[in-house]
Amino acid sequence: MDYTPYSKIKYYSDCAPLVEGLGYKLVDLKIVPAKTVTKISAIITGKDPAQNIGVNDCAKVHRALLTRLEALLGTEETTMELTSPGIEHNLKNAAEFSVFTGREVRVWDKTVNDWVGGIISSADDKSVTLKNPQGNEQTITFENIAKAKFIYNK
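Take 22 as the starting number for the sequence shown in our numbering and just add one per residue.
These are computed hints drawn from the structure, not numbers from a lab.
Computed from a predicted model, the values in this text were never measured in an experiment.
Fair warning: there could be bad hints in the mix.
Said to hold, decoys possible - Calculated cross-link-like contacts (lysine-lysine; reagent style DSS-like; alpha-carbon spacing at most 30 Å):
1) K152 - K81
2) K60 - K81
3) K46 - K168
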């Protein structure tokens, strides 16, 4: 799994403090210029891993974030989709592990060819540490992770 620092994502550093000021975390930001309109997609989550994100949360952040991005981009010819991660979110960037500290995930560990699950206890730019239900911790380097996703308990 690749690690792309948030500082390398264009406009992320300009938008993350705004989102955090509203009580959320910015998980992902993509800006794709097209012929007539710039398409923006963003994902937010709560500061607490157990917090659910609803339509009102997304609407509040959407209004503020769209205004900021239109000013940064210098255009109002934009469309924006803002969502929560969802209950079965696939982590695409290894930097997301630090955002979701406290969430239960499972990762496909290439060294054992199986899923390894647990609660994210810490993460840096090289690895993630998961705590299993017995309290044991296991650190897995990102180069050994093929894919990762939230564990959804009904």
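Comparing the hints with the structure gives:
{"no.": "1", "hint": "K152 - K81", "result": "violated, 34 Å"}
{"no.": "2", "hint": "K60 - K81", "result": "holds, 19 Å"}
{"no.": "3", "hint": "K46 - K168", "result": "holds, 22 Å"}
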